[in-house]
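K.L.:
Here is how the chains run, residue by residue.
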Amino acid sequence: DVKVTQSSRYLVKRTGEKVFLECVQDMDHENMFWYRQDPGLGLRLIYFSYDVKMKEKGDIPEGYSVSREKKERFSLILESASTNQTSMYLCASSLVRGTPNQPQHFGDGTRLSIL
Amino acid sequence: QKEVEQNSGPLSVPEGAIASLNCTYSDRGSQSFFWYRQYSGKSPELIMSIYSNGDKEDGRFTAQLNKASQYVSLLIRDSQPSDSATYLCAVNLWGTSYGKLTFGQGTILTVHP
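Heads up: the protein sequence lines correspond to chains A and B, in order. Taking the working numbering, I'd label the letters of the first sequence as residues 1 to 115. Taking the working numbering, I'd label the letters of the second sequence as residues 1001 to 1113.
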């Protein structure tokens, strides 16, 4: 089974802090993704990565950055946390195996509160 | 127009009934389709993948794909209270790369005893 592990289930930070969310997958997946999920807004893609050191912006990248120094690890960084970044953050990974595309597998999520 | 659209719900069915969840998508050339189940406060869990026209069955779940009509559906037979969750349809839309998926807004299903 695919295992995607997010470092924290719950996190409370203060406005202006730099926040790191970590995600590790154990299945040698090439693709990794960061989403946030808010009531009524569904899943929104923040950033994704298709290889080590490669990244692309998703739909809502403002206020976030990412890092992928190793294939199994994908980090989301909130440069200066703000209250509107309070949300559930979900990491996912998927395998590249030509066509058709493989499904994404999600971690348990991190519920982040910015006070 | 939303790229992936699900029936708005919420959907309520009695225990033992068939629950039918529907999803339409915008791009005819799309090839990969997935259904996820998400319990309240939890992360999405993959329950079905479908790539070819027709039906795919897995236990009490059947996914149906009709590419000509651009819809994919999920049937849950003999619904149980434990099936109560939000169901997300996800599509790898034509022209997107790197395994990106577009998710529908979800349909909330409640199975009442």
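Since the hints were derived computationally from the structure, they do not count as laboratory data. Everything numeric in this text was worked out from a predicted model, so none of it was measured. Certain hints may be false.
Stated by the list, open to error - Here are the in silico distance ranges between beta carbons for each label pair:
id	chain 1	residue 1	chain 2	residue 2	range
1	A	69	B	1071	23 to 29 Å
2	B	1028	A	10	20 to 26 Å
3	A	79	B	1007	35 to 41 Å
4	B	1071	A	53	37 to 43 Å
5	A	51	B	1016	45 to 51 Å
6	B	1113	A	57	22 to 28 Å
The beta-carbon is built from N, C-alpha and C at its ideal position, and this holds for glycine as well.
K.L.:
To test your reading of the hints: which numbers does this structure violate?
P.N.:
1, 2, 6
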